[in-house]
Amino acid sequence: MTASPAPHRSDRGQTSELPNARLQGRSGGPLRGRVRVPGDKSISHRALLFGALSAGRTTISGLLEGHDVIATADAMRAFGAVVERTGEGTWTVDGVGVGALLEPAAPLDFGNSGTGARLILGVVAGHGITARFDGDASLRKRPMGRVLTPLQAMGARIVDSSDGRLPLTLRGTRDPIPFEYRLPVPSAQVKSAVLLAGLNSPGTTTVIEPEPTRDHTERMLSHFGAHLDISTDPDGARRIALAGRPRLSGREVTVPGDPSSAAFPLVAALVVPGSSVTIENVMINPTRAGLITTLQEMGARIELANRRDHGGEPVADLIVAAGPLKAVEVPPERAPSMIDEYPVLAVAASFAEGTTVMRGLAELKVKESDRLAAVAAGLAANGVDVRIDGDDLIVAGGNGSAPGGGIVATHMDHRIAMAFLVMGLASQRPVAVDDGSMIATSFPDFVPLMSGLGAEIGTADGDEPTGSAT
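Just so you know, this note's numbering puts 155 at position 155 of the sequence shown, and the rest follows in order with no gaps.
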């Protein structure tokens with residue numbers, strides 16, 4: 001069986017939204033089939049962005065057509081690039097080149113996309129233009145200070161923000177100061193924003209990261225023609241030096257499957273008894289593969305088949321079969337390689353034998369929601385013994401079973417919603433989430449894809465769960 005994605009609604013790639021209503025997952029038969037998850041969100045953002053900063057045409061296939069990425073496409077149009085959807089997942093970008101962006105005539109609305117907002121703060125910071133950044137209620141709560149601090153040191157100026165949160169207006173500089181910046185905490189978004197600002201610098205911009213983070217920006221910079229010198233300092237820190245003012249040229253980009261989206265059918269296949277699922281074309285970049293590593297340590301039956309490269313990124317097909325899981329301790333240094341996957345890992349841990357400890361999750365407190373608190377509340381509402389100790393999440397497993405029966409408050413967070421719908425597919429009672437509409441920000445076809453595998457996900461009916469997470 002193959003699960004086919006739902007059709008797209010418009011030539012801008014806006015897909016059908018889930019209803020602004022309670023959804024629930026309930027147990028049924030095993031999951032079976034082959035699927036492809038949406039294109040990787042990180043790569044999709046960057047493909048549009050570097051296409052706009054390049055001379056000539058960039059052709060992108062497999063682009064994630066969720067709300068977050070569409071917001072980045074709209075921003076690139078506002079800067080003067082010609083961005084067009086030519087088919088399902090296929091887009092072209094006729095760029096304007098580094099240093100030639102137009103000043104947007106209206107505020108840039110990023111919706112719920114923290115990635116888009118932070119990366120494009122870096123773009124604006126390195127150009128002599130002024131842009132106003134805004135987003136939805138959730139994005140307005142998220143801190144931007146870690147990105148804005150180095151950008152201001154390079155010459156950008158905040159025009160009107162009292163606390164470093166959106167809405168804010170940023171005035172870029174035509175000549176970004178050549179800059180060396182050591183990341184105080186691991187953050188691929190901060191690293192990328194600094195490198196993007198440095199693209200238009202007359203000198204070399206260097207970022208030093210004591211702990212490795214996602215390296216998609218570096219890979220794509222090289223793919224589009226920038227010169228980077230990447231080395232390791234004596235203390236083990238990674239040093240990325242970018243030569244400013246390169247001539248970037250349009251390229252072809254094939255977007256691999258998003259490992260963060262693959263996490264949901266992956267964990268579902270592991271915890272629903274009798275399941276056997278193949279997830280095709282998933283990125284397995286080592287800076288993104290922490291969930292696979294952790295699940296394999298837990299005894300998960302995951303085979304990486306048909307390994308190959310797409311545009312400099314390693315990909316593989318994941319062959320997944322259900323089976324027992326055992327508890328592990330997840331070290332804090334693994335967090336950057338799986339930061340978005342902790343909600344669904346916590347769900348997997350609730351079915352494992354023993355108590356799983358996930359350490360060093362401070363970053364989860366400043367995602368789309370306070371994910372650490374939201375995950376703990378959701379698990380507790382579904383009968384799981386869970387606690388937070390500082391920045392650690394501790395989950396007592398049910399040895400193959402979880403009670404379920406709760407209603408989970410998603411706090412407008414797509415990954416919380418999808419993680420707990422997955423939980424309901426294997427728990428003793430259905431699991432409901434209060435709102436499924438925001439799932440469209442990253443995985444517009446989540447429900448039809450999962451349903452194609454045999455999952456029972458739909459609007460909650462009269463058999464309402466009884467617990468509640470707040």
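Hints are computed from structural coordinates only; laboratory data are not their basis. Small disclaimer: the values here were computed from a predicted structure and weren't measured. Even for Gly, the Cβ is constructed at its ideal location relative to N, Cα and C. You may find that some hints are simply not true.
To be verified - Derived EDC-like pairs: lysine to aspartate or glutamate, alpha-carbon spacing no greater than 16 Å straight-line:
hint	residue 1	residue 2
1	326	297
2	326	363
3	141	180
4	365	385
5	365	392
6	141	363
7	141	163
8	141	370
9	365	389
Unchecked claim - Derived Cβ-Cβ restraints for the label pairs, each shown as a range:
hint	residue 1	residue 2	range
10	229	55	21 to 29 Å
11	389	57	51 to 59 Å
12	400	237	37 to 45 Å
13	57	103	18 to 26 Å
14	274	159	27 to 35 Å
Hints, one by one, checked against the model:
1. 326 to 297: holds, 8 Å
2. 326 to 363: Violated, at about 25 Å.
3. 141 to 180: violated, 29 Å
4. 365 to 385: Status violated; Cα separation ~20 Å.
5. 365 to 392: Measuring from Cα to Cα gives roughly 11 Å; hence the hint holds.
6. 141 to 363: OK: residue 141 and residue 363 at ~14 Å, within 16 Å.
7. 141 to 163: holds, 10 Å
8. 141 to 370: Since the Cα atoms of residue 141 and residue 370 sit roughly 11 Å apart, the hinted pair holds (cutoff 16 Å).
9. 365 to 389: Given pair residue 365, residue 389 holds - Cα atoms ~13 Å apart, limit 16 Å.
10. 229 to 55: 21 to 29 Å: holds, 23 Å
11. 389 to 57: 51 to 59 Å: holds, 52 Å
12. 400 to 237: 37 to 45 Å: holds, 42 Å
13. 57 to 103: 18 to 26 Å: holds, 23 Å
14. 274 to 159: 27 to 35 Å: With a Cβ separation near 58 Å, residue 274 and residue 159 fall outside 27 to 35 Å, so the hint is violated.
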